[in-house]
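Engineer: Here are the chains, one letter per residue:
There are 2 protein chains.
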Amino acid sequence: MVKNTRRVQRGEESLSRERIVEASIALLDSGGESGLTFRALAERLATGAGALYFHVANKNDLLHAACDAVVASVMAAAATGAAPRENIRAIGIGMFDAIDARPWVGAELTRAAGKMPTVRLLEGIGRQVVALGVAQQAQWLVASTLLNYILGVAGQNAANTAAAMATGAVRSHALAAVAADWSQLAADEYSFTRSIAGQLREHDDREDFLAGIDLILEGVAASRPSVTSSRQAAARKAST
Amino acid sequence: MVKNTRRVQRGEESLSRERIVEASIALLDSGGESGLTFRALAERLATGAGALYFHVANKNDLLHAACDAVVASVMAAAATGAAPRENIRAIGIGMFDAIDARPWVGAELTRAAGKMPTVRLLEGIGRQVVALGVAQQAQWLVASTLLNYILGVAGQNAANTAAAMATGAVRSHALAAVAADWSQLAADEYSFTRSIAGQLREHDDREDFLAGIDLILEGVAASRPSVTSSRQAAARKAST
DNA sequence: ACCTGAACACCGTTCAAGT
DNA sequence: ACCTGAACACCGTTCAAGT
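Line by line, the protein sequences are chains U and Y. Numbered by our numbering, the letters in the first sequence go through residues 533 to 772 in order. Numbered by our numbering, the letters in the second sequence go through residues 533 to 772 in order.
Simulated from the structure, these hints should not be mistaken for lab results. These figures come from a predicted structure and were not determined experimentally. All clues stand as given, with none of them false.
Below, in silico cross-link-like pairs of lysine-lysine (DSBU-like), each with a Cα-Cα straight-line distance of 30 Å or less: (1) Y:Lys591 <-> U:Lys647; (2) U:Lys591 <-> U:Lys647; (3) U:Lys591 <-> Y:Lys591; (4) Y:Lys591 <-> Y:Lys647; (5) U:Lys591 <-> Y:Lys647; (6) Y:Lys647 <-> U:Lys647.
A few chain U positions that, by computed beta-carbon distances, are all more than 12 Å from chain Y: (7) Leu547; (8) Ser548; (9) Gly563; (10) Gly582; (11) Tyr585; (12) Phe586; (13) His587; (14) Ala610; (15) Ala615; (16) Gly626; (17) Ala630; (18) Ala633; (19) Arg634; (20) Gly700.
C-beta atoms are modelled at their ideal positions from N, C-alpha and C, and glycine is treated no differently.
Please model the entire structure based on the sequences and the hints provided.
Structural biologist: Structure (C-alpha cells):
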C-alpha cells in the first residue's frame, strides 16, 4: 500500500488482475477480439507489456476472465424470484442481449468448455431445472441440453454480429444478407434452406431463441412421466 | 495443361484450390489449428507462401473451405433412406464423431454462421423436419433449434478435446478432470454443478448428445397440435 | 497467368535489468 | 516483489520481380 507512492500520487491504483481484466473488457468492446493486445493493454494501463504477465498467465487467461466477468453479472441480474420457467427464459435473454452487445463473449464461451463461465450458466440453469421438478436422473440431460442450445445460439450470434461489424453494416442488415444469400442457392440441392429464407427475414431472432427454449421445455414436460417415474422404478428394481 | 510441364514432370499436379484445401486438412489434423500456417502449407506444397493467395482469399477462407469439405462428406454419409427421426440422429452422430476426430471442425463451425458448412447442416436437418410432418410455420423453429443444439455441442466438444490434446491427455481423461474440478467447487454457490459432477463421470457424452436430440424431438411431437393445426387455422382466419 | 520469396507490420511471450 | 522495455520467434499478407 505504502510502497506504490508514485502511482498513488499519479491518482492511479497499482496494477492488479482486476484492473487488467477491466481494461481488457474496454478494449474488447471498442475493438473486438483483435482489439485486445498486450501492447494496447500496456499502453492503456501506462505500463510495460511484460508487467501484465505478473498478474495474468497469458492471453487465454485474460479472455477467459473477461468473459467470466460478463457472464457473472448477467447471471446476477437474471436471478429473479419468479417461476423456474421464467427464470430460465430470463437467463437466456440476459445472455442473448449480452452477446448482442459484446460478440466476443459468445466467441469465448464456445472455447471455455467446462470452465468458470459455462459452469456459472450450468449452475443457474440447473437450479431452475431442479425447481421445475425434473427427476434427478434427468437433470443433467435437461440442463445440458438447454446449456448447449444457448451456447450454440451464442456462437452463431457472435459470428453474425462480428461479421456485420467487420463489413460496417448493422446486425439486422447482416441477417438480411444471409437471407439473400440463401435464396440464391441451387433450387434442387437446397430446397429447404431456400424455402426458409423468406421466413428468416421477417423473424426476430430474439423471439426465435426463446421459442427454442420453450420447445425444449415442452419436451421436458412431455417426457416427464417416462423420464422420471419409470426410470426411478427401474432404478429401484435394479438396486433390489 | 501443357504449360506446367515442369511440375507435371515432377509428378505433381499444378497448384489448385482443391489441393490447397486438402493439404490444409492434413495440417489441421496433425497439428491442430495452430498447425495450419501459410509457411507450413507452402512447404508441404513445395511452393512460395504468396502463391497460395492466388487460389485462396485468406486464412479464414482456407479454414472455412476445409471445414466445409468435412461437413459435406459427413452429410453425404448420413443420407440414408431411413425414417426422419433416425436420419436426424445419423446426422448428429456423424457430426459428433467427425468433431471428435477433428476438433478444429467444431471450432470453425461456430465461426461460420450462415455460411456453407452450417447451411449444409441446416438443409440436411430441415429436410428431415419436413419429412417428420412438422407444419410449415414451425419448420424453421424446429430445424434451427436442432441446428443450434448440435453446434453448441460441437463447440464444447471441440474445446474439450483441444484442451485434452494440449495437455497430452486422452479425451475421456479430460472429462474426468472436469468432473474433478466441479466436485471441488464451493458447496453453497455451486450445489447443482457439484451434485451433477459424479453423474458426468459415468456418462457417455455421445449418448448424452443423442438424448438431447431426442428431448427436442419429443418437444416437437408434444407441441405438434398447437404448433401446426391451430396456427394454420389462425393464419387462415387472418388471410380471410 | 501464375509463381517466387523477401519484406512489412504486426503478434504473444520471455527475460535481463532495474527499483 | 514488482515493473520495464528491448528482444525473440513467430504470424498473415503484400508485392516487386521473375517465367
